[in-house]
Amino acid sequence: MSRASPEEIRGALARLRGAGHRLRKRRAREILGSLASVLDSWRDPDSRMRRALRTDFASATGLAPAMVEAGMARALAGWTGGALRSLVERELGGIDALEGTAPRCVSGFEVTSVLLAGSLPSPTLLGLLAPLLLRSPVLAKTSAHDPVTAALVADSVAAADPELGACIEITGFPGSDRECVDALLDADCVVASGSDETIAAVAARVRPPRRLVSYAHRLSVAAVGADPSPDAAARLAEDVALWDQLGCLSPLAVFVEDREQGEAAAFASDLARALGDLQERWPRGAIPPPAAAAIARERDLAEMRAASGAPVILHRGAGTSWTVVAEADALIRPAPLHRFVRVHPVSGVPGLVEALKPLRRHLASVGVGGFADQRRELARALLELGASRICSLGTMQSPPLSWCHDNQGLLLPLARFGDIEL
Amino acid sequence: MRSGDPARSELDRRILDWMGEREAREDEARFEELALRLFAHQFSRCEPFARFCRARGATPETVSSWREIPAVPAGAFKETPLRSFPPELECHVFRTSGTSTRRRGELHLDTLAIYEASLIPSFERHVLPDLGCASQRARILILAPSPLEVPDSSLSHMFGVILERRGDPESGFLVQGGELEQLRLLEALEEARASDAAVVLCGTAFALLHFLEWLESEERRIALPGGSRVMETGGFKGRSRELPQDLLYENLHRSLGVPSERIVNQYGMTELGSQFYDSVLRLPGTPRRKLGPPWARVRLVDPESGREAPPGEIGAVTVLDLANTGSILAIQTADLGRAVLDGFEVLGREPGAEARGCSIAADEMLEAHASSEPRENEDGRLP
Chain A
1 MSRASPEEIR
11 GALARLRGAG
21 HRLRKRRARE
31 ILGSLASVLD
41 SWRDPDSRMR
51 RALRTDFASA
61 TGLAPAMVEA
71 GMARALAGWT
81 GGALRSLVER
91 ELGGIDALEG
101 TAPRCVSGFE
111 VTSVLLAGSL
121 PSPTLLGLLA
131 PLLLRSPVLA
141 KTSAHDPVTA
151 ALVADSVAAA
161 DPELGACIEI
171 TGFPGSDREC
181 VDALLDADCV
191 VASGSDETIA
201 AVAARVRPPR
211 RLVSYAHRLS
221 VAAVGADPSP
231 DAAARLAEDV
241 ALWDQLGCLS
251 PLAVFVEDRE
261 QGEAAAFASD
271 LARALGDLQE
281 RWPRGAIPPP
291 AAAAIARERD
301 LAEMRAASGA
311 PVILHRGAGT
321 SWTVVAEADA
331 LIRPAPLHRF
341 VRVHPVSGVP
351 GLVEALKPLR
361 RHLASVGVGG
371 FADQRRELAR
381 ALLELGASRI
391 CSLGTMQSPP
401 LSWCHDNQGL
411 LLPLARFGDI
421 EL
Chain B
423 MRSGDPARSE
433 LDRRILDWMG
443 EREAREDEAR
453 FEELALRLFA
463 HQFSRCEPFA
473 RFCRARGATP
483 ETVSSWREIP
493 AVPAGAFKET
503 PLRSFPPELE
513 CHVFRTSGTS
523 TRRRGELHLD
533 TLAIYEASLI
543 PSFERHVLPD
553 LGCASQRARI
563 LILAPSPLEV
573 PDSSLSHMFG
583 VILERRGDPE
593 SGFLVQGGEL
603 EQLRLLEALE
613 EARASDAAVV
623 LCGTAFALLH
633 FLEWLESEER
643 RIALPGGSRV
653 METGGFKGRS
663 RELPQDLLYE
673 NLHRSLGVPS
683 ERIVNQYGMT
693 ELGSQFYDSV
703 LRLPGTPRRK
713 LGPPWARVRL
723 VDPESGREAP
733 PGEIGAVTVL
743 DLANTGSILA
753 IQTADLGRAV
763 LDGFEVLGRE
773 PGAEARGCSI
783 AADEMLEAHA
793 SSEPRENEDG
803 RLP
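Here the protein sequences come in this chain order: A and B. Everything in the first sequence is counted per the numbering used here, starting at 1 for the first residue and increasing by one. Everything in the second sequence is counted per the numbering used here, starting at 423 for the first residue and increasing by one.
Calculated directly from the structure, the hints in this document are not laboratory data. Each residue gets a CB set at the ideal place from its N, CA and C atoms; glycine is no exception. Honestly, I wouldn't trust all of these hints.
[As the list claims (entries may be wrong)] From the derived model, a few chain A residues whose C-beta atoms are all more than 12 Å from chain B:
| hint | residue |
| --- | --- |
| 1 | 85 |
| 2 | 91 |
| 3 | 94 |
| 4 | 95 |
| 5 | 105 |
| 6 | 273 |
| 7 | 276 |
| 8 | 350 |
| 9 | 372 |
| 10 | 421 |
[Said to hold, decoys possible] The following label-pair restraints were derived from C-beta to C-beta distances:
| hint | chain 1 | residue 1 | chain 2 | residue 2 | range |
| --- | --- | --- | --- | --- | --- |
| 11 | A | 78 | B | 639 | 50 to 58 Å |
| 12 | A | 203 | B | 476 | 51 to 59 Å |
| 13 | B | 509 | A | 331 | 22 to 30 Å |
| 14 | B | 478 | A | 281 | 28 to 36 Å |
| 15 | A | 14 | B | 639 | 39 to 47 Å |
| 16 | A | 44 | B | 669 | 44 to 52 Å |
| 17 | B | 682 | A | 380 | 56 to 64 Å |
| 18 | B | 669 | A | 331 | 35 to 43 Å |
| 19 | B | 466 | A | 408 | 56 to 64 Å |
| 20 | B | 735 | A | 212 | 36 to 44 Å |
| 21 | A | 281 | B | 735 | 26 to 34 Å |
Pulled out of the complex, with its shape left as it was, chain B reads as follows:
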């Protein structure tokens, strides 16, 4: 911990304690207290955030619940550095994917300890719920570049930590130099099948689709051992090939033998220190929904009124994440969602965007304009 700020050190310590508990539990009072303290801290250390909050009449004196903390739009991380610590303490920057000419979002960090402490329990709880013992290792194959190759990718960093903590000796990254190593991956999967070693296949939806298409072109299918699972993340935004999630899952089942109930979607973003996962492995037999760690909460906000959406109604996904100690804890994502039991489902970005007559949003125009430019992606610049 590099922070020389006693208030921050104390907050970090308490949040890390929570993350380090063997079976961390939901605790509303604990979350409320830490959220309000963290809000007050960030309000006093991050002037743009403080001004944003003041414009809404929200100050540490007026905010009495975590639900009242103003959420900063994730796009703001493209506009200005949102740090709640002195710049000279910065130790790492994660960047969102994007094109070379368009601005990328940046998450400035003065410590990686909280990010790493948050990601492991969530991954274990939702992707490895049957591998209870932390010393038990799994065959984890990653369809993404390593953090050495893409140090500013939060996704690669996350996978790096997961491999280090839970990967067996055969685990590894299978994207190098921007290319998915299909043959190496195929060999690794064949070897796992031959030795009856369950596989944890992780990657972006786009990379998985790329591999499935290649398998199909090679007329190959592999029946992975029982106990294998897939963790997919990210969508196809800005990509030339799109496939609805249910079709991707059908293809994963057909080509790799992994049924939908063993495929976990991870919902995360560079601007967040914590991730949310589908419930299917942890709570089989119940409706698929996104669940997060106890130190992160989701609100679904009615965009017209700015108030919480009624149960079952569509709302903008807003996340309060105590793992964001060095930046801003309340983030308004660009996604819409709906509450499902104790979790939520993500409905994607602007599903009704085409209902616009013959006009089109300028950002889509710019995307189209930029489509011929080199694209830097977290998933390794696949074609």
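Same shape as in the complex, but just chain A:
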């Protein structure tokens, strides 16, 4: 994609405002139907989009095509037209609210700009479709880490509904180009993803009364009781391996209830075996030297702790392909990602909650295995810590459409509500 100028961005916003006038004259049900068919097309593994992800996207990101395909299949499995309708029902109160025939009506903003940050396709897909569902045209800035997906989404929308396709445009420029950023932030609603620092920088430049919807960096963990199912480690290994731990739903650490009978160390061995097996099916992608150096360093540090007398066990694959560290304590340590996972012993739910406290501002999802009698208690404690999703092991990478992303929901933050009291 060529680098856009500020004038081009302003021109795109003007075009989208015009397209938005036409869009808002259409019925919301019709738009919903078009977007449902877009999701259907993405769920088809033989679609042009899925093929492009296996080739162009995999090549641009270094991720293995087989892993990309498996990740997309899981992510999209439940993203159906029916799920989209349920989402509207759940978050907005039903399609009538969008049609303006309910007492409480909902509309989107005149135009929404989306600053994409990550390198995973499914958040990009959803991030671009959500404003359209509210009949708000979208101008999206591509992520430097994924130059492929946003354009594919735009193409798929245009193929399903050309008029809707005119309501989505993709632009690209370096994040350091202040003039371009300011032009993009002139939209009525701005959706930004990125580090806390990026979000703070964007927030400082979004002028009222524009709305800013932000998704800062998050991380996920897993919690395993002393009585996990026999396939718990294999299921968790898939959650770790998918997207090479680059998504906010990827577990970076596992906390295992340890009744001082070596449960955590045993689970670490099982997890290591499962990650080793997966390396054949879903090979870890290529990584840059800094990431490899971080993995090597953390492995060495684990070995040094072991050499100093701590009961730490390092399990490792060839090169830097995967790593499991059975830790001696519940202390949160650096997470180099790219299939590097630590297994910590905890004394039970109270110990787990205590261990997670340092992450409470950043917790996204918690995968749970075991804890048969304490699941409700555990879930409540995790929600109080700020987790927005508690799910079973093996499903961490396939959130439902209705997942309340970062405790906010998908459509709610993009919506404007109004009551008719006449």
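Start from chain A and add chain B according to the hints.
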């Protein structure tokens, strides 16, 4: 020298002899022999290091070259005391910077003699190459607290030794009580300009930036006398304000009149007894690169294979430093680098860290979590 260990005393003596030579030269055979002896000594005195090496199949019997000595990650100094001497002989501890709640790295020492003997020739060679005579003093202004104020800061200790050995009567520390004394520094620089006395301005990049910003807010610029130079060290890790090095150098030129070719970056860390310096003053007109003393060597290691990176390729910076007699001689830093001629360049820590999708390393989370906590820094707790 407090060591009652004859083997160690002998090693210290030989290393000090090398450091004390007027024009210490590279000597591969000498380095190899001392490195292997020091490795064997530390292997026998530091049990965690010995176990770490054994796990890699490296023992004094199997290691035949300094390049084969396993390097301990610098972060290990936060985990456990890595001493190669009995604890009761400890005379000093240097600590890494950090927050009050996060563990700080500790370098335990039974002697400061080697640390001090190593730092002076390197500083003279790379920062004062034109002041050949050791008795010739320079106007050295330090943007860091004194060692009296921060006794566990290796940086402050280093500056203290430098001031004592090479500073003129007008030299001094310009950070007190955690505050940079901007007015005093400005006066000192104005006085140097008026008396045409070349200045050696030393400090952390962060402290220098702080001063430059203040100068700009005061709409002040000073053209320091020719022959002035700047030695900057450290980065901006964990700081709210960041400035790429080339922009910092541009600002130093604009505000103080010191051109980039007279600005020397020092690469050092608490866990190392020796420091590396940019070559610009010592070898002007050649590519900027880091050079160390003959008793320290750098290997750039491919993190995937653990072998030495091919020439020109990026590798993890691993240092073998004979000045680390009391701790561990081989340290794996957290930095990446690339070979440049007879030296290397440092590419910083994890420059690709942002290429991670929407996840983030837990350590960054913890940094963010700790950002509101009091921070103890070697550069004097500047705001």
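Now for the hints, and whether the structure bears them out:
no.: 1; hint: 85; result: holds (27 Å)
no.: 2; hint: 91; result: holds (21 Å)
no.: 3; hint: 94; result: holds (30 Å)
no.: 4; hint: 95; result: holds (30 Å)
no.: 5; hint: 105; result: holds (32 Å)
no.: 6; hint: 273; result: holds (21 Å)
no.: 7; hint: 276; result: holds (17 Å)
no.: 8; hint: 350; result: holds (21 Å)
no.: 9; hint: 372; result: holds (28 Å)
no.: 10; hint: 421; result: holds (41 Å)
no.: 11; hint: A:78 / B:639: 50 to 58 Å; result: holds (56 Å)
no.: 12; hint: A:203 / B:476: 51 to 59 Å; result: holds (53 Å)
no.: 13; hint: B:509 / A:331: 22 to 30 Å; result: holds (24 Å)
no.: 14; hint: B:478 / A:281: 28 to 36 Å; result: holds (31 Å)
no.: 15; hint: A:14 / B:639: 39 to 47 Å; result: holds (40 Å)
no.: 16; hint: A:44 / B:669: 44 to 52 Å; result: holds (50 Å)
no.: 17; hint: B:682 / A:380: 56 to 64 Å; result: holds (59 Å)
no.: 18; hint: B:669 / A:331: 35 to 43 Å; result: holds (37 Å)
no.: 19; hint: B:466 / A:408: 56 to 64 Å; result: holds (59 Å)
no.: 20; hint: B:735 / A:212: 36 to 44 Å; result: holds (42 Å)
no.: 21; hint: A:281 / B:735: 26 to 34 Å; result: holds (31 Å)
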